[in-house]
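K.L.:
Spelled out, the chains give:
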Amino acid sequence: MLAHLPVLQVILPLIAAPVCILLRRATLVWLFATIVCVLTFAISVVLLVQVMGGEPIRYELGNWVAPWGIVYVVDSVSALILVIVSGIAAVAMPFALRSAASEIEPDRLYLFYTMYLLCLAGLLGIAITGDAFNLFVFLEISSLSSYTLISLGRNRKALHAAFQYLVMGTIGATLYLIGIGLLYALTGTLNMADLGVRLAPLLDSRITLAAFGFIVVGLGLKLAMFPLHLWLPNAYTHSPSVVSVFLAGTATKVSLYALLRILYDVFGVRFDFEQQPMSALFAIVAVAGLVICSLVAMYQQNVKRILAFSSVAQIGYMLLGVAFATAAGLQASLLHIFNHALLKSGLFLAVGCLVLRTGSSQLANLSGIAREMPWTMAAFVVCGLSLIGVPATAGFISKWYLVSAAIEKGWWPFAALIVATSLLAVIYIWRVIEVAYFRPASDRPAGSPPATEAPLSMLVPTWIIAAANIWFGLDASAPAAITARAAKALMGAGG
Amino acid sequence: MTDLIVGLYNYWIVIILMMVGFYIVMSRQNLVKSLIGLNIFQTSVFILYITLGKVTGGTAPILEKGFKLYSNPLPHVLILTAIVVGVSTTALGLALVVRIKEAYGTIEENEINRMDNES
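These protein sequence lines map, in sequence, to chains A and B.
In short: position in the first sequence from 1, add 201, done, that's our numbering.
In short: position in the second sequence from 1, add 526, done, that's our numbering.
With the rest of the complex left out, here is chain A (with noise of 0.2 Å):
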């Protein structure tokens, strides 16, 4: 059984997605997608730990041995993603219940959870495989059931939102197909590490430039890098709450670490740094986004489309430790993207409570609700304070090693950059916070319901994240070890 565990990781939602259309009672349906999530989180969690206590793990599906048949590969970036999606999966499935249930039509439901165990099979696939078109399978699965999760929204803009992102996801893998076709065609394999093998010799070729150029922008449109991120903040907003928590917290992480996986083991670090200007060009992409995106935010009104700009603007930080071409960055981006996860899903998750109680996410309909429900609020606070970057929260450390390794690389003027965007941060998470505190309720609109405190099943997930950020904010040397030791491997040392 141990030694079937990689296969496992993505079979196991993959089949109990089909099985979700045979249970067509919600509850029943529920309990069965949980206990899904929780076993595939608890694989995860036994793989991370085999491969931090010894060598990246190799299965050859079907035994065909690699190159000719497809490999899953194990080592510490992917075990810390794998462990990522499915955390944040299994905490959402209590979450889902009253959430889910309030916002989706009850004879929808089982579908609903049909899509979400697909999409985490997909985003699961992604992480754990060692080929190229595997990869493509798998982008196209997790994407397809994104955009009908996403379509499940109350308002008709869900739709809408929906099909654009369709229309720009389905750009972007197929520049993606592109490339690997043109990688493919000269090299005659498709396994990612036989590829660095074979393309080393062939890196001045101007296929390798074509293919290499089609995969940047391709999975650029999937992780949301600066221009390409159009998609994203309607399909944060308008999608159901569950949804934006899954969503927000592991589709664009795993694009990025399929875009580290092609750049690190398939072209190789002297070819992106060197031959090609992919730090100067990640660097503008990130600074613009930041920079932009943070200002978009401020001026929003409506809570989750400011959280939405906020995540474009997240990903800036983590192109940003990618451009700076060093361990130190590379390691940062990946904290980042661990930190990342816990505290924008955090921060979705409180919404996700207040919009249970009052039916909007619209600040208008928020002033004052801090009295009615203190605990929602005060995770939201604490999220915020990750997200800007407080010491004694999780979102520290990956500042901490972001400005680290701006200073070391001598780029002094990135490390003011990060800083100075933190701040701008701390204004639109204030908003939020301002008014949930420090208006009074008569502001909302009128017909609003009196709201109460979020049910307990929705209010211990949001907690249980919260605390998670507090506790990765003051005890990161997990995080750090398997973060140091992925940026080892990726940048060339193996592990």
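Rather than coming from a laboratory, the hints here were simulated on the basis of the structure.
There could be a bad hint or two in this list.
[Stated by the list, open to error] List time: in silico BS3-like cross-link candidates among lysine-lysine, alpha-carbon distance up to 27 Å: (1) Lys559(B) / Lys358(A); (2) Lys559(B) / Lys627(B); (3) Lys358(A) / Lys627(B).
[Unchecked claim] One-sided excerpt, in silico: chain A residues whose CB lies under 7 Å from chain B: (4) Phe334; (5) Glu341; (6) Leu345; (7) Lys358; (8) His361; (9) Ala363; (10) Phe364; (11) Leu367; (12) Val368; (13) Thr371; (14) Leu378; (15) Ile379; (16) Gly382; (17) Ala386.
Think of the CB as a built atom: it goes at the ideal place given N, C-alpha and C, for glycine as much as any other residue.
Add chain B to chain A, keeping to what the hints say.
P.N.:
Only chain B this time, still in chain A's reference frame:
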């Protein structure tokens, strides 16, 4: 010159189809037309893979007595997968268009944007 155009005609077809499809998606007004553009864009990629798999003088990749040289079967398999992905995407897109028509009463992009901005 003839070598550049006639010799590489398969790549020219791929490029033309790709740009036609991409332009249709970008200049969309009608949502169904966007989906058709997306389909054309994806089809060009399929053609790219399959023409790359053809070996000069090779026959279809089915084992048969008397034939020694076969075309590469792997691109065909990859493209079957990609076609399935493309069909699912189109099906999902069309389902969304049906729901959008029910909810908005129109499938013109500018009308929908106007209605979104008003509410």
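K.L.:
Please go over all the hints and tell whether each is borne out by the structure.
P.N.:
Evaluation of the provided hints:
no. : hint                  : in the structure
1   : Lys559(B) / Lys358(A) : holds (20 Å)
2   : Lys559(B) / Lys627(B) : holds (14 Å)
3   : Lys358(A) / Lys627(B) : holds (12 Å)
4   : Phe334                : holds (6 Å)
5   : Glu341                : holds (5 Å)
6   : Leu345                : holds (6 Å)
7   : Lys358                : holds (6 Å)
8   : His361                : holds (6 Å)
9   : Ala363                : holds (6 Å)
10  : Phe364                : holds (5 Å)
11  : Leu367                : holds (5 Å)
12  : Val368                : holds (6 Å)
13  : Thr371                : holds (5 Å)
14  : Leu378                : holds (6 Å)
15  : Ile379                : holds (5 Å)
16  : Gly382                : holds (5 Å)
17  : Ala386                : holds (5 Å)
Of the numbered hints stated above, none is contradicted by the structure.
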